[in-house]
Amino acid sequence: MAKKWKVRANLKGDVTTVKALITHPMETGMRKNKKTGKKVPAHYIQDLVAEHNGKKILNADWGPAVSANPYISFKFKGAKVGDKVKLSWVDNKGKSDSHDVAVK
Amino acid sequence: MINIRRRKILKGTLAAGAVSLAASAGILTPQTVLAAWPKSAFSAKSVNDAVNSLLGSSSLTGSSDINIKTPAIAENGAVVNVSVDTNLKNVSSISILVEKNDSPLAANFNLAPGTIPFIKTRVKVRKTSSIIAVVKSGGTLYSAGKEVKVTIGGCGG
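Chains as they are written, first to last, in this note's numbering: chain A, 1 to 104; chain B, 1 to 157.
It is worth saying that the hints were derived from the structure and are not from the lab.
Be a bit skeptical, because a hint or two may be false.
Which residues of chain B face chain A? A partial, calculated answer using Cβ under 7 Å [said to hold, decoys possible]:
hint, residue
1, 55
2, 101
3, 119
4, 120
5, 121
6, 123
7, 142
8, 151
All C-beta atoms, glycine included, are put in the ideal place defined by N, C-alpha and C.
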């Protein structure tokens, strides 16, 4: 099984750049299984939250049109080396996961 | 005269019927999702409806301060890199819409103060379409668009 998260948070000057790659199928609900002809049920991340030392810096609402294994990058100010950046998501099946990484 | 009224009444009842059908369909779908997730915006079929439902207004002001980066030609519509950044101040949200997708709204990002108005992500683009970024800055909605040519579709094609 592939790693579920790949997250990096790099500080340059006073700006921290976060880059994250999440393992998730992001099924739209439109795709058909070619063998059975049945539609593959929708399964996608709906809500992604990013926190810096417990303070929310970004929250994203996603639809099924975000690509499989979503990639997101964003920038914020006010972090120091060693600070914690936490990302968490909830999908349409109610599953969730979170991951944190230290600012480098 | 009578005939015209009859047409009008018929039209009215049909429209009301459609609305109530839509409403009951909405109620019947299981509400397993988070209450905060803007379901109606994501199921809207046009850019205007999606923006209106998500941000409360569909009056978009074109802005040259929004910078969208996408590939001009996407070989695989399932993975199209989109990056949006802007010089506008007080940006509270950035939304990315793909005009020709069945449901145009792809993603919406709410930014806290201190978060730089920059987002990079990947979206699915069903067919050649313009990608629209809507930036909310100080209560006004600004937008910019860029066309992406898709050679292979991205939605289960």
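Results of checking the hints against the structure:
no. : hint : in the structure
1   : 55   : violated, 12 Å
2   : 101  : holds, 6 Å
3   : 119  : holds, 6 Å
4   : 120  : holds, 4 Å
5   : 121  : holds, 5 Å
6   : 123  : holds, 5 Å
7   : 142  : violated, 19 Å
8   : 151  : violated, 16 Å
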